[in-house]
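The primary structure of each chain is shown beneath.
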Amino acid sequence: MSGTAMTKIVYKNIHLENSHTLAVYKANGGYQALEKALTLTGDDIIDEVKQSGIRGRGGAGFPAGLKWSFIPKDDRAKYLVCNADEGEPGTCKDRDILRYDPHLLIEGMIIAGYAVKAERGYIYIRGEFYREAERVQAAIDEAYAAGYLGDRVMGREVRFQLAIHRGGGAYVCGEETGLIESLEGKKGQPRLKPPFPANIGLYGGPTVINNVETLSSVPAIISNGGAWYGKLGVPKSSGTKLFSVSGHVNKPGNYEVELGLPMRVLLEEYAGGVRGGWDNLKGVIPGGSSTPVLTKSVCETVTMDYDALSRAGSMLGSGAVIVLDRSVCIVRAIARLSRFYRHESCGQCSPCREGTGWLAQVMERIEQGKGVQGDMDLLLSISENIQGKTICALGDAAAMPVVGAIKAFPEEFQYHVDHGRCMVA
Amino acid sequence: MSELQKTLQFSEAALQQAELIFQRYPADRRDSAVMPLLHLAQREFGGWLSQEALDYVAAFVGMPPIRVYEVATFYTMYNLKPVGKYHVQVCTNISCWLCASDDIVKALQEKLRLPLGGSSSDGRFTLTEVECLGACVNAPMMQINDDYYENLTPAQVSEIIDRLP
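Keeping their order, the protein sequence lines are chains A and B. Residue numbers in the first sequence follow the numbering used here, run continuously in steps of one, and reach 425 at the last position. Residue numbers in the second sequence follow the numbering used here, run continuously in steps of one, and reach 590 at the last position.
Bound conformation, chain A alone (with noise of 0.2 Å):
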């Protein structure tokens, strides 16, 4: 697979001058998926973004269209809602869809919403990104005015409302209980599951909830079919993949690429290479803050896809490839993610809110040389009593980059206990 000529679904307009205008993206063929998947049955689209094997785009992976098709077929009201909580480090993908192509994500969200019989949707925005909603709102204008949103949605007797929701700065409600519950005017902790959102979900009603680019990848599949879609990237890992490449890299950047590229490739072909060249890699850090780093040899031959980077021991996560090279202190660096994670926590569960705390301060205590010996047992032994035991996945999130980070530099922790300092920076 080379680094040139790649199929670009999401980000194929985000380079034209104008291209958020919804006049540049009808002169690029937007709105013509609507138009065919009007022509459909809503289980058809289903069908064909099932066969399409599109997993989630926002971390968790889980299937798009097996997503849908859990909507049961009652006449409760139903929901779809975007999650543009984009909020999880390193990660930065969705904010050029929005900014850049927010009609390729409302037309992906009236086929959606078509596809699962929801009227009413929510873009829920994170409220940092204010000149991104005002970008998403003026395309939501637009597209009233031109008719693909309302009560006849390109002339037929189809009905979608569509609006924005912005957050106000909470990581937790990235995850959709939480992002649920502060659409509904509380505080953002996320719901006990089952019931899962399908069946009970924004005020009682079934709900699908899917990642910006998820839904940004729907016109593209009912325009060139499922099976096209299927085609792109590797078994169980189909289609396009935003990274948002950030760290010690000479271009960083957010690239779409093919899942299954070599990550040297991404890093090298793509990202302008390693600051200071491959061998000055210590670390990637592949999807996101939650997903425990992997060492350099490792690097060297994982593909990013979902499965690979699973057997490697990590996740393709948000896919925000973090870049640390050799003078990057381990231990500092998951400290300040634990630190992030306390900050964050809900203190709905215990162990989370309990263990998140104490996560960060035995990091930051070794950080400063004032680790104890045992301490990356004790580091272990608390991350094992988050891990699993709480509502959310925060917990896990906030345990994975410390264990992840102990068993991939055992040798560094060491260090900082027995000396007191860091034998890196």
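Where hints are given, some of them may not hold.
[Stated by the list, open to error] In silico DSS-like links for lysine-lysine, alpha-carbon gap of 27 Å or less:
#1 B:531 / A:370
#2 A:186 / B:531
#3 A:251 / A:193
[As the list claims (entries may be wrong)] Pair ranges (Cβ atoms, derived):
#4 B:476 / A:6: 52 to 60 Å
#5 A:18 / B:445: 24 to 32 Å
#6 B:454 / A:141: 18 to 26 Å
#7 B:554 / A:152: 45 to 53 Å
#8 B:432 / A:192: 38 to 46 Å
#9 B:528 / A:272: 55 to 63 Å
#10 B:528 / A:157: 58 to 66 Å
#11 A:204 / B:491: 44 to 52 Å
#12 B:445 / A:410: 53 to 61 Å
#13 B:476 / A:156: 44 to 52 Å
#14 B:442 / A:43: 39 to 47 Å
#15 A:144 / B:432: 32 to 40 Å
Bear in mind the hints are in silico, worked out from the structure with no lab data behind them. Just so you know, even glycine gets a beta-carbon here, dropped at the ideal spot from N, CA and C.
Go by the hints and put chain B onto chain A.
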């Protein structure tokens, strides 16, 4: 400030915006409007939410005040203390840190003569350290009020502050 806050009342323009906000949600789901209305109130009432402002929003939505307090204290973007005219928020999370956000923090502290969490006595600036703002490929970055400033250098920080009206 406290005099103003005692006679809180949305402006005509804000009332129109509030009407549009309610229309986004089903008619029997007015509570959903509390977050956008708190954002609106913060904008209207000088950049922060006093208890009077929270009570005003509660009455406006028709929610018990305690429920509004819960929301306002849960989300970091609602300022429960006065902030400066320019709220400078600097990210120090991992991607920014890898790209020398420590230098940006230092430059801001020196330029504004403020510690993290501090506000200038003239009411012009508040400097806050924040978690990831989602602009990681353009690190390091900061946000001033509604706008992002990305790919920063310490020298640029000083220029940006000087250029603020």
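Each hint tested on the structure:
The straight-line distance between the Cα atoms of residue 531 of chain B and residue 370 of chain A is roughly 25 Å, inside the 27 Å bound, and the hint therefore holds. Among the hinted pairs, residue 186 of chain A with residue 531 of chain B is inconsistent with the structure: their alpha-carbon atoms are about 37 Å apart, more than 27 Å. Of the pairs offered as hints, the one joining residue 251 of chain A and residue 193 of chain A is violated, with about 41 Å between alpha carbons and a cut-off of 27 Å exceeded. Taking 52 to 60 Å as the suggested C-beta distance range, the pair residue 476 of chain B and residue 6 of chain A conforms, at roughly 55 Å.
Under the hint 24 to 32 Å, the C-beta atoms of residue 18 of chain A and residue 445 of chain B, about 26 Å apart, fit the expected range. A beta carbon spacing of about 22 Å between residue 454 of chain B and residue 141 of chain A agrees with the range 18 to 26 Å that was offered as a hint. Taking the beta carbon of each, residue 554 of chain B and residue 152 of chain A are about 49 Å apart, inside 45 to 53 Å as hinted. Here the CB-CB span from residue 432 of chain B to residue 192 of chain A is close to 44 Å, well matched to the stated 38 to 46 Å.
In this structure, residue 528 of chain B and residue 272 of chain A break the distance hint of 55 to 63 Å, their C-beta atoms being roughly 22 Å apart. Taken as a hint, the range 58 to 66 Å holds for the pair residue 528 of chain B and residue 157 of chain A, whose Cβ atoms sit roughly 59 Å apart. Here the CB-CB span from residue 204 of chain A to residue 491 of chain B is close to 23 Å, at odds with the stated 44 to 52 Å. Take residue 445 of chain B and residue 410 of chain A: their Cβ atoms lie about 56 Å apart, and the range 53 to 61 Å holds.
Distance hint check: the CB atoms of residue 476 of chain B and residue 156 of chain A are about 50 Å apart, consistent with the given range 44 to 52 Å. The given range of 39 to 47 Å is respected by residue 442 of chain B and residue 43 of chain A, whose C-beta atoms sit roughly 40 Å from each other. Between residue 144 of chain A and residue 432 of chain B the beta carbon distance is about 37 Å. The supplied range of 32 to 40 Å therefore holds.
Hint check: violations occur at hints 2, 3, 9 and 11; the rest are consistent with the structure.
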